[in-house]
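*Asks:* Sequence:
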Amino acid sequence: MILSVLTKNLSSNNILTGNGFLSVVSNVLNVRFASKKAGSSTRNRKGHCRPKHRGIHYQDGSFVQPGTMLVTQNKLRCHPGLNVGFGRNGTLFALRPGKVIVTCEKVDLNLNHSWVSRAYGGRDTERIYKKYFHVIPEKQHSRFKLVE
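Heads up: the sequence shown is residues 556 to 703, going by the working numbering.
Possibly wrong hints are sitting among the right ones.
[Said to hold, decoys possible] Keeping only pairs whose Cα atoms sit at most 27 Å apart, straight-line, the calculated DSS-like set for lysine-lysine is:
# : residue 1 : residue 2
1 : K661      : K630
2 : K630      : K654
3 : K630      : K700
4 : K686      : K654
5 : K685      : K654
6 : K607      : K630
7 : K661      : K700
[Stated by the list, open to error] FRET-style restraints, in silico, Cβ to Cβ:
#  : residue 1 : residue 2 : range
8  : H603      : E693      : 40 to 46 Å
9  : L701      : M624      : 38 to 44 Å
10 : G642      : F588      : 23 to 29 Å
11 : K607      : K700      : 45 to 51 Å
12 : K607      : Y684      : 23 to 29 Å
13 : C604      : K700      : 51 to 57 Å
14 : L650      : S590      : 53 to 59 Å
15 : Q614      : S669      : 24 to 30 Å
16 : L664      : N629      : 15 to 21 Å
17 : M624      : G602      : 25 to 31 Å
18 : R678      : H603      : 34 to 40 Å
19 : T658      : R678      : 17 to 23 Å
20 : R678      : P606      : 38 to 44 Å
Since the hints were made in silico from the structure, they are not lab data. Please read these numbers as outputs of a predicted model, since none were measured by experiment. Idealized CB from N, CA, C, for every residue including glycine.
Generate coordinates for the entire structure from the input sequences, incorporating the hints supplied.
*Replies:* The structure is reproduced here in structure tokens:
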């Protein structure tokens, strides 16, 4: 429609003769628009990933509930102790409510476990001391009723 209106206007002005028509039509048809919006900063730049917050989350003497993550780790740096579970990604978590106690103990290794065999595969395991996380349960109250 635009092209037909343009040709009518150009034919009345005698511009359609020779190469004049082709240059006018090519200028009209080859209009380019912006392919990108105006530049602004983005958050997903290369090499700037979000932090993983690994490490010790609850120190010695803290009170925790069951399921609380005590330590997140990539390599086997801290070991689970009493009432502490070991997740598939290396997370140590509390199994019972209680007080956290951190000790340094000699390692008793189970080399059949994948994490242990990866960390201590070819090492002499006689004198290895590591951090152990324990959760000591709080005392139960003594307000029980005897029901007969």
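*Asks:* Which of the stated hints cannot be reconciled with the structure, identified by number in ascending sequence?
*Replies:* Those not satisfied are hints 3, 7, 10 and 20.
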